[in-house]
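Dock the two chains into a complex; use the hints.
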Amino acid sequence: MTRNRFRRRWLLLLPAILFFSLSLFTDLPPVQPAGLRLVLVPKYQPRLEAILGREKIECLQELQDSYIMRLDREEGLRLRSHGLKFRLLTVYDRGLVYALARASRAADLELIRSRFRAIFLEGNDYLLLAREPAELEELPVNIRRRLLPASGHSLAELTLLPEEFIWQRVQDQLYEQLAGEVSADNLRQEVVNLQNFGTRYAPTGNCLQAGQYIYDHFSSLGLSPSYQEFYYSTYLCRNVIAQVTGQTYPEQVMIICAHYDSTSDQRWTLAPGADDNASGTAAVLEAARIISGHPLDFTVRFILFSAEEQGLIGSLRYVQEKLSPAENILGVLNLDMVAYADYLPEDLDLIGNRSSGWLVDRLAALVGTYGPVPGKKIIDASFVYSDHAPFWDRGIAAVCAIEDASVPNPYYHKTTDTVDTLNFDFYRAAARGSLISLADLAQVIRPGYPATPRNFNLSLSTQASIFNHLKAVHLNWDPVPGAAGYNLYRSPVPHANFQKINSSLIQDNEYIDNLLGTEAVFYYAVTAVDSLNRESNFSRELAVNAGLTPLNSLRLLFWGILNFFWN
Amino acid sequence: MDGRIRKMGLAITALVMGLWWLCGPVSSAEAVEVRTFFTVGLFNFRQPEFRELYGGLPAFGVVVDLFTRSNLGLATGIDYYQARGEALTLEGEPAVYPVKFHRWTFPLLLKYRLVSGGFQLAAGAGLALSLYDETWSGVELSYHGRKIHFRAEMATDVRLLSRLYLRAALTWDSIPTGVSSLLLGGGRVNLAGLGLQAGIGTRI
Ligand SMILES: [Zn+2]
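Top line first, the protein sequences correspond to chains A and B. Be aware that the first sequence starts at 1, since it is given in our numbering, and climbs by one per residue. Be aware that the second sequence starts at 568, since it is given in our numbering, and climbs by one per residue.
No false leads were mixed into what you were given.
A few chain B positions that, by computed beta-carbon distances, are all more than 12 Å from chain A:
hint : residue
1    : Ser637
2    : Asn638
3    : Gly640
4    : Ser683
5    : Leu688
6    : Gly693
7    : Leu694
8    : Leu737
9    : Leu763
Computed Cβ-Cβ distance ranges for the label pairs, DEER-style:
hint : chain 1 : residue 1 : chain 2 : residue 2 : range
10   : A       : Thr90     : B       : Gly659    : 48 to 54 Å
11   : A       : Pro325    : B       : Glu707    : 35 to 41 Å
12   : B       : Gly745    : A       : His153    : 35 to 41 Å
13   : A       : Gly83     : B       : Ser709    : 39 to 45 Å
None of these hints come from the bench; they were simulated from the model. Model, not experiment: these values are computed from the prediction. Glycine included, every Cβ here is placed at the ideal spot set by N, Cα and C.
The shape of chain B in the complex, shown without the other chains (with noise of 0.2 Å):
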């Protein structure tokens, strides 16, 4: 992670944790519930040609869920993509170039949540900040770039122990990249997909 990822993820947190504080006089402390979570799973891109060239993408995240008394919610923390392929051959002698893909992604979703027992349904959507490259080994070939864009999310928590949860959730990511590329005969690039986690984490 180089710095300037750093900086703008502690710049995220820093927002979700300032509008924490403004929350904290309407309602005291206590009414604000939060869950963080691990997680790993995989994303589809929507792309055929992307998921031809990559597969499925592991990913990994660290979430963090807050919730007042009135089941609304800020959802904030890093998901991290990567993945290896070889480019593909469009014309010609086929020839392998090993190619690798990373993402980070830094979302801010406004949520709501049905809450049962230890049963939680929860849905969401909002922004996100994601910085993702791509670099060729053999040749000095690599792109960098970085988007705020939509996000969607959906999440279902089981309570374990008293503390300790289960999550499954899916995730929607729309990154219209303004990109053309070769390999969508000159289309523009939107990095789209569904995402699949499941993870274990702890009400704070």
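Looking at chain A on its own, in the form it has when it is part of the complex (with noise of 0.2 Å):
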């Protein structure tokens, strides 16, 4: 009887035990424990930017018509009850490399499908999906590709921009001066130096050879130039990084770069790379042998990348290590492929995303000025191909320049890219726009005008009562030596559309400027100007922010409390 209870016990223990085992087994760590993926989501749905930016969901690259974001289940669920349409693309493996690549004809498209998994985006241009960096190496010189970066941001709101963009227009003898200073004799010297290296594949020796000829250049021009070292593969690669440093605002910083590496379907020998990219590397080096003899209100920076032809890896390690907060970078100008002209009178294309929109509008005018060379604005996010497309990635104004976006040279990644097919005509009117959009952007200072005014702030105030309130941004200025007075300029969107808002010279160095506007963001800049009605540069432009957002202080918090207890 004992006994018999005893044996009933343990049939009941047992499966408590066998129960008790599995958990723990159950309770094991998954493999693959976020369970990330990858989704196409559509622009151009209602409210799309502020819920994607409010519920924080990683945007790892911007397209023309569409975002690729990467989220997790919960995430998705989230983007579903909010009425989002998204398309899924591919369960997301750390362990994997993921590229962008264009697929221009069926025959590229085939090509791909061969080697990779290629997932369709929109318009050309496909995910892929390999095991290694390298592996890319497969895809048919021809086909442009980029390396989906490997982490993201949350969007922004929106800011709604205009499509045209005014800004005060330098017309003075400088400029001219400065765009004679080009000399197509140097530019075909450093295309065939750099032609002359064999190949500038970015593995090889040679590349690394072509780095060190770039940063020499910058050596014998009195800057100072630094490698950004990193590794491709087991090869080491070098950016080559020098500036001019602003005199005025050393922090508000101007990029012009090229990628000097080459490829060809030789490439470990041959690949001579003259257009592609000889010609957007000697226009930085021109660009900085004479802009480095003139004084500059704000810094510019050359950059020539390595292992762009590898998916652009040269600048996606220099946003990633080299970008610093106590920056701001105006703007970046990417040259790639700048000297061949299938038919004369050739154009620059000059390819901006919409947040770049102001940056492509004031490159065209200066470039149809000063090359003279028509520029063609082209909005296309879509287009990631060359090194402006980290710049994109985080929110910086970015332009690829380039002779023909979509009729690619018939000698790309060949080892037919050599220096006798290029335009030099064509080519060095490239060269003179490019140069002065640099001087005009990071505004060199001209001699016999009042100095640019220094230390530029603000700061805003805000008075209320019980219907009303004022938003007053109070602006100051270290006075400028010899200046009759200031003009103050102010304007709704960013670097563009500026209004002067004095009506005659502010004698002052401060100025208030009470916002009675409904507009949330204002763009503030300041001259000098000196009795000869000469106006000095731009300052630094400053942003603030007016819209009526709700004000959580201490003091506030303490009225609620007391409001409490009188209710």
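See below:
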């Protein structure tokens, strides 16, 4: 009897033990903890950016008509609950390499598909899956590609930007004089010198030597260049960086860049890359030669990237490691293939994304005037196949200058891309336009003019009554010796469309602007004017958010508590 | 007082007169007692931020009370409140901007009274039309609004001479304007508050 009861007890215990041991196993951490996936979210859905921003969904890549986002299951469900549409691309695997590639022809697509898993994105763009970056070398050399960034950012709410931008145009002899210093002979010689390395395929020693050559060139100009070293697979690669530091606002930085590496179907031995991209490289070197002799308000940084042909690795590493919160990158001008003209007159394609529109407009006008070469404005966020794209990823205004975005140079990525195929009239015009763009954006200091006001700062104050409130912007700057007064400019958009807000010269070196309007963000800049009515360059630009953001100060909290007791 | 306000005030007064006439056939003229007062006093916002801005508001009023024999009555009149202050600095550098606030109120209340000798205690509630505006000096900022809202009142009268009375009155207004204010962190403005008024008046 007792024995029977004992056995029954064991029978009851058995399933409990089984359950317990099973639960031990199932408690082990899952192999793929987050269960992340890549999705394609079409743009132009109501309140899309606001929702994506609020839900802090990670955007890995913006394209022209969509975003590539990385999210988990819960985030996906939340987006669906907001009524957003998106398409699942693939489950995200951190062990894989993802790349974007542009297959403009059906044959290209077939080649891609034969070797890679390719997922359609939009237009001619595909997402490729590879086991390691070097596997992408198996892509035909004429196919543009970039690595998908390994990390992204959440979207900020979109501000409505105008289609056209207006800014103060400088018309004086200095720009003509500067442009006149651009020498076609110099450009030709630099392209020849770069071509003479035989190949500048990033994994080769020749490419490192070409980097050294560029480094020495900067040194000979009296600049202090530096390398940014990184590895592509097991190969050492180097970006070369030099700068002319601004005299008024050194933290404001204008970047001009190009990749100096090259490729071809015989890339280990022969890849002259005259147009792609000795042309861009030599134009940057020529700009450095000329501009280093002139004082500037803002800093100009010259960057020659390596391993662009491997999927923008050099520029990706730059934005990952070298961007500093103490700096403000005004804009990036990326020159990639600027010396080949399939017919004349050739125009220079200037490709920007939406938030780079102001920069495209400004560059188009400047290259048109000082090239002179017609600048063609193209807004295409999907054109992510050169070194401007990693800057776009970080929300920095960047423009790719390229001879033809759609019709490639027939020698593109071939051993025949040599100096004798280039058009030096077109090339010189592109180089002149780039130089003057740089001089204009970094603000070359004109002799005889009043100095640019330094230390331009602002603070915001808010006064309120029951029904009304006043946001006042307190602006101040250092007095400029010899100035008869100052002009203050304000714009509802960044970098352009500035309107003078003072009717007569401001005598003091401070000003209070009472904002009674409804717009949320304003941008300011100040200039100095002398007795001959000559006006200085703009100061740095400052932004102020005058929106009706509810304040949550301690004082109001205190009153809130009082109010509670009163009630 | 602009024309619009006057028109509305007159409309209310006309309404009261109309009601008085309607009551006429029911109760004879002698059955109605009319008391008129001139009052002064102080109004206090319930919202502490508004009190910080304006303090107590001096208030001036004209009151007409009509009571029947059954001690039920109607009250109407005009109240005027005004105050000056300085806009509060919520962030950044302080700056001085004088601000002015005005309110006109035209109440129409139903009242009941208890009378004992020369002493009367009355309580009532009803609606009031308020017109209010706020104006800044130094910048072009102003606001005008109006609202029909709830008012409650308690008043006590003491007879001094045969027809002369002394009054003390307490009024409560709730004026939800529906307008949001930065002063309340974006919350909605209610101009609610308590008024204490004293006055002298006569029985007609
Ligand atoms: Zn290239």
